[in-house]
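Asks: First residue of the sequence shown? That's 317 in our numbering, and the numbers climb one at a time after it.
Read the hints as simulated data drawn from the structure, not as lab findings.
Some hints could be false.
Computed list of lysine-lysine pairs in DSSO-like fashion (alpha-carbon distance at most 30 Å, straight line) [unchecked claim]:
no.: 1; residue 1: K594; residue 2: K521
no.: 2; residue 1: K449; residue 2: K552
no.: 3; residue 1: K366; residue 2: K521
no.: 4; residue 1: K716; residue 2: K792
no.: 5; residue 1: K855; residue 2: K870
no.: 6; residue 1: K594; residue 2: K612
no.: 7; residue 1: K809; residue 2: K861
no.: 8; residue 1: K449; residue 2: K481
no.: 9; residue 1: K798; residue 2: K861
no.: 10; residue 1: K597; residue 2: K612
Everything numeric in this text was worked out from a predicted model, so none of it was measured.
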Amino acid sequence: MENTTIEVLDTNLSIILVQRIAIIAVFAYVLSHTQAFRLIFKKNTTAREKLILVFIFLMISIAGTYFGIPIEGALANVRDTGTIVAGLLAGPAVGTAVGLISGLHRVCLGGYTALQCGIATLLGGILAGYIHKQTKPKTPEWITGVLTGVGVILLSMGLIVLFAKPYETAVSLVTQITIPMVTANSLGIAIFMIIIHNAREHQTKIAALQTHRALRIANVTLPHFRQGLNSISAEKVAVNILSMTSAAAVAITDLERVLTHIGLGNDHHAKGMPVFTKLTKACLAQGQITVAQSKKEIGCTVSSCPLKSAIVVPLYCRDELVGTLKMYYAHEEALTALDIEFAQGLGQVFGTQLELSALQHKAELAAKAELKALRAQINPHFLFNSLNTIVSFCRTNPDKARQLLIELSEFFRRSLKTARDFITLQEELEHVDSYLTLEQARFGDRLIIEQDVAPDTLAILIPTFTLQPLVENAVKHGLLAKAAGGTIQIVAKLTGNHVEIAITDNGQGIPPDIREQVLEPGFGKGAGVGLTNVNERLKAIYGIKYALAIHSVKGQGTTVLLRIPIDAEVVVND
317 MENTTIEVLD
327 TNLSIILVQR
337 IAIIAVFAYV
347 LSHTQAFRLI
357 FKKNTTAREK
367 LILVFIFLMI
377 SIAGTYFGIP
387 IEGALANVRD
397 TGTIVAGLLA
407 GPAVGTAVGL
417 ISGLHRVCLG
427 GYTALQCGIA
437 TLLGGILAGY
447 IHKQTKPKTP
457 EWITGVLTGV
467 GVILLSMGLI
477 VLFAKPYETA
487 VSLVTQITIP
497 MVTANSLGIA
507 IFMIIIHNAR
517 EHQTKIAALQ
527 THRALRIANV
537 TLPHFRQGLN
547 SISAEKVAVN
557 ILSMTSAAAV
567 AITDLERVLT
577 HIGLGNDHHA
587 KGMPVFTKLT
597 KACLAQGQIT
607 VAQSKKEIGC
617 TVSSCPLKSA
627 IVVPLYCRDE
637 LVGTLKMYYA
647 HEEALTALDI
657 EFAQGLGQVF
667 GTQLELSALQ
677 HKAELAAKAE
687 LKALRAQINP
697 HFLFNSLNTI
707 VSFCRTNPDK
717 ARQLLIELSE
727 FFRRSLKTAR
737 DFITLQEELE
747 HVDSYLTLEQ
757 ARFGDRLIIE
767 QDVAPDTLAI
777 LIPTFTLQPL
787 VENAVKHGLL
797 AKAAGGTIQI
807 VAKLTGNHVE
817 IAITDNGQGI
827 PPDIREQVLE
837 PGFGKGAGVG
847 LTNVNERLKA
857 IYGIKYALAI
867 HSVKGQGTTV
877 LLRIPIDAEV
887 VVND
C-alpha cells in the first residue's frame, strides 16, 4: 500500500513540476527575443553585462524555488534549471554567482534540507561554468545540459541522505522526489538549451543576411568612392544605403560639415551645414562608433526633428579619421546589436574603399609623372638628332641649314604651344612630317616616305610623341646601314573600336637574338630608347595588352604595330 502511494505521488509530482517548467520555458522563450538576452551570444561581455545575465538567470532560479512543492518539510523544485543553464551558457562567473545567490536564498528559506540543497545549487553553477569553459568554442548541446542536470540533482539527493536529519525522513524524501526532480529539471534544461540554440540559429541567419546586404552595398558604392570622399560621392552612396536598408535617413560628413543627408530630417540636417548634433561630435572626438536609442541622445537642436535613434560610425582612410557615416531611424529603441554591427561593418568597408581610392589616385599621379618624364626624354633625344642633321649642312649648304632650323623651331613651337598628354592623330602626323623633313634633308633620295592614313582616323586622340620615335627608330636602325636607303611606310586604319597604326621599313631588320629584348627598359641606345619609352607609355596608359608588337625579318625589314582604343577615357588639357 505504501509503495502504491509513493508511485501516485511520484506521478502527480512529476506532472506538477513539469507544469512549473512549462511556465519557465515560456518566460525563457519571450526573454530569448529581447536584446538583453542576446548578451549570451557575445564573445566578450563587460562587468555590467555579466551583472545583467546574473540577474536574468537568478530570477529564473529563484522562481524555480518558489514554484517548488512542499513535501515532508522540504521542497521538490526546479531551481537548478536556472543555475545550470546560467553556467553552461554564460560561463563560470555568471554560473557561480547565480549558484551562490540562489543557494543562499534557499538556505534562508529554512528546512532540514536547506543547507544541502543550497550547497548542491552552488556546486551546480560552478560545474556548469567549468563545462562551458572546457567546451569553448563549441557551444554545449542540450544533451550536455541534461547530463549536468541529472548529476547535480543526484548530488543534491546524496547530500540530503548523508547529512540531513532525521535519516529516515531524508531517505523517504529522496525516494519520493528524485525521479520527478530529475525529470523536470532535465526537461527544463533541455528546453532552455533548445530555445537558445534556435535563437542563435536565428541570429546567425540574420547576420548572414546583413552580411549579404553589406556586400551588395559595398559592390554598389565602390565606383562612387573611387572619386574619394566628397559631396557628390557621399550623396550617391547615401542614396544606395537608404534604398537597401530600413534606415529612415542616411548622412555622411567630413570632419566639419555634412556632405549629404538623404531621408527624414533633411530640412534641417542639410548638405553643407556644420556638424551640430552632439552624437556626431562625440563620434568625431572619440573616433569610435556612437549609438543613440532616443531623440535626446542624438542631440539635435530642432525640437520637431523626426529622427529618434541613430548609429554614427567613424570613417577612416589609412588610419586617419576623415568623416562619419550616420544611419538614422524613426523610432526610439529601434537599434539591435546586429544593426550596430552592420553599420560598423559598412564603415570598415567604406574605409577600405576610400583607401583604395587614395592609392589609385596616388598611382595615377605617379603614372602621370612617369609619362611626363618619358616625354621629357623623347624631346631632347629628337632635338639632339635633328641638330646633328642640321650641323651637317652648316658648311655645305648654309641656306638649307637655315631652312631646317626654321623647320625645327616651328616643330618645337607647336610642341610647346600644345603641351598636352594627348593630341589627334593628324597633329601627331604633322610632328612626324616635320621630323621627316629634317631627315630627308640628310638622306635625300635614299629616304622614301609612303602614307596610307584613313581620313576617319585623323581626329582620334593618341599620346603625344607616339609615332615620331617609331619613325625615327625605323630610319636610324632600319635604313641607315643600307647604302641604297629604303622606304618608310605609315598606315593607319580603323579596326572595330581601335585604330591600328603600322610603321614599316624595308631595312636590315632586327637580329633574332635581340628581337625579344628591344622593348625592355634599359636595352639599346639612341632611337632604341625612344622605342622603349613609347612602349612603356602605351602600357601605362592603356594596359599591358596595348604594348607595341614588332614583326621583323633580318635583311627584309621591320613592322612596328600599335593599337589605340578609340573609346578610352583620356583627359586633354588645352
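Asks: With a cut-off of 30 Å on the C-alpha distance, tell me whether K597 and K612 pass.
Replies: Measuring from Cα to Cα gives roughly 14 Å; hence the hint holds.
Asks: Does K521 lie within 30 Å of K366 when you go C-alpha to C-alpha?
Replies: Holds, because 25 Å separates the two Cα atoms, which is no more than 30 Å.
Asks: So if I understand the rule, the pair passes when the alpha-carbon distance is 30 Å or less; does K449 with K481 pass?
Replies: 37 Å, violated
Asks: Check the hint pairing K449 with K552 against an upper bound of 30 Å on the C-alpha distance.
Replies: Violated - the C-alpha atoms of K552 and K449 are around 48 Å apart, more than 30 Å.
Asks: Regarding the pair K809 and K861, is the alpha-carbon distance no greater than 30 Å?
Replies: Satisfied, since the Cα-Cα distance of roughly 19 Å is no more than 30 Å.
Asks: For the pair supplied as a hint, K855 and K870, confirm whether the alpha-carbon distance does not exceed 30 Å.
Replies: The given pair, whose Cα atoms are some 27 Å apart, holds under the 30 Å limit.
Asks: Holds or violated: K798 and K861, Cα atoms, limit 30 Å.
Replies: 33 Å, violated
Asks: Decide if the proposed pair is consistent with the structure: K594 and K612, CA atoms, cutoff 30 Å inclusive.
Replies: Status holds; Cα separation ~10 Å.
Asks: Is K594 within 30 Å of K521, Cα to Cα?
Replies: 34 Å, violated
Asks: Hey, K716 versus K792, does the alpha-carbon distance stay inside 30 Å?
Replies: 21 Å, holds
Of the numbered hints given earlier, the model fails hints 1, 2, 8, 9; all others are met.
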